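Chemist: Here is how the chains run, residue by residue.
4 protein chains.
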Amino acid sequence: MNPQQIANKCAALMWADDHAARGLGVEVVSVGPGTATVRMTVRQDMVNVHGTCHGGFIFAIADVGFGYACNSENFRTVGGSADIDFVAPAHLDDVLTATGKRRHQGGRAGVYDIEVHNQQDKLIALFRGKTVRIKGHFFDPA
Amino acid sequence: MNPQQIANKCAALMWADDHAARGLGVEVVSVGPGTATVRMTVRQDMVNVHGTCHGGFIFAIADVGFGYACNSENFRTVGGSADIDFVAPAHLDDVLTATGKRRHQGGRAGVYDIEVHNQQDKLIALFRGKTVRIKGHFFDPA
Amino acid sequence: MNPQQIANKCAALMWADDHAARGLGVEVVSVGPGTATVRMTVRQDMVNVHGTCHGGFIFAIADVGFGYACNSENFRTVGGSADIDFVAPAHLDDVLTATGKRRHQGGRAGVYDIEVHNQQDKLIALFRGKTVRIKGHFFDPA
Amino acid sequence: MNPQQIANKCAALMWADDHAARGLGVEVVSVGPGTATVRMTVRQDMVNVHGTCHGGFIFAIADVGFGYACNSENFRTVGGSADIDFVAPAHLDDVLTATGKRRHQGGRAGVYDIEVHNQQDKLIALFRGKTVRIKGHFFDPA
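If you read the sequences in order, they're chains A, B, C and D.
In the numbering used here, each number is its position in the first sequence, counted from 1, plus 1231.
In the numbering used here, each number is its position in the second sequence, counted from 1, plus 1231.
In the numbering used here, each number is its position in the third sequence, counted from 1, plus 1231.
In the numbering used here, each number is its position in the fourth sequence, counted from 1, plus 1231.
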């Protein structure tokens, strides 16, 4: 299997058990080695008191993209920490696309940058996530 | 009105329009000037591929606590950025309590620390959120 | 004046009073609108107990690059917060180059990414800085 | 040896090789298990173009406190990442005190909070550092 095929297989295996991403209405648009693009529409139950998408759900779509990007090479990997900057509000019915890519991998620790844009390609948030590889694979690498 | 009464009134006005917190099944346990405690149970639709609560929902409950804490003094306030450290996993049916308090307020910018614990008082995440006061109040201060 | 000339003039005016950058032995390699490249050699007095460059000085060279990048358009700007990931150690006599660029500018707030590499182009640190524009200019814009 | 004696011995062994802290003019005021207090005076060569202490040096004193706090239990530990919020400026001749304490230790990873105050006990910066334990001790634990 080549790296793209490995990424596709990891994503398919993750998706099968990914209750959280399904519940958020996420679509996994594409994955590759160290990268992912995912999409989510802002629903009524994601809107906060200011009339805009709650920061938790902007974080969530970024975090889903992060998860598919960092688990794309058949090493089980979890997020250890993350920073997010909310640079513009998102609103009801906006379509948010999170695009993630690896910036660094050193031993068990990695750093990924994820950007969230709306349907007009306006930047909504910048997210930086740090990963730790745990034991195990999604499928037998042999 | 004293500061506690102001905090209670802000929280009640926020809650009326807080689709996001309601959708997450959040309970606002208490608020005070610059503080808040909120609670959420980890549902099936918050669980990720690793069998644990998706980081996005741990962030979300912290962010809800942050929102009630930073909007407790009748100045409309939004989160500008946040950092989260995931220090232990949360699981299905865990009850997560987020407790937030202000660390600093300077002009329009503030810093809040929120801790998330599970039902056994085990620390799950440390969250630090940065706020910006926008224009407006929840109710007429006069 | 075009944007490049404005950036050069801001950098020259900053440098005249920049005791901190001079004391660190920094060289400002280049600036442009929203960008900067600066360089510093790791001295004996920057080395810590582990025999490697103290994190404070890796942060410092990134922060100097951040400062020149975010002050390149003749709006006086200060750093409000920053995050740094130390991804590889730096050693005595290493030459560290920090390259910064703006990721977002919205009203008074901006986000900049700075990378620090050593003389072998190995990534040493990833830095993300958030800015606030204060009042004033480096020179009369008229 | 009790925990306080271990902390004192680690700090003494660190200090002997800590060129960076000495060069910054740092005084290690006290250490304990998971805690440290350090102090530094803002010198002319730490002042930036805005007439205030360069953020790199505010970070540096926080980072020194972080280093003594996280290396206080005879496990060699390095900083993996850090976030800092600059909440008020520091000026020439200000005496900055950084006080650090552990918030969490889980296996090899830890989280520490460090506050920097000036001589009037005004909060200057909030710093959160994340650690990784590497191999080795400062002295034979047996």
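Do not rely on the hints blindly, as some may be mistaken.
Repeated chains share a single entry, so a pair holds when one copy, or any two copies, can fit it.
Under the rule of at most 25 angstroms between Cα atoms (straight-line distance), these lysine-lysine pairs were calculated in the BS3-like manner [said to hold, decoys possible]:
no.	residue 1	residue 2
1	K1366	K1353
2	K1366	K1332
3	K1332	K1353
4	K1353	K1240
Quick caveat, the hints were computed from the structure, so don't treat them as lab data.
The model shown is predicted, which means the values in this text are computed figures rather than measured ones.
Chemist: Hints broken by the structure, by number, lowest first?
Modeler: 4
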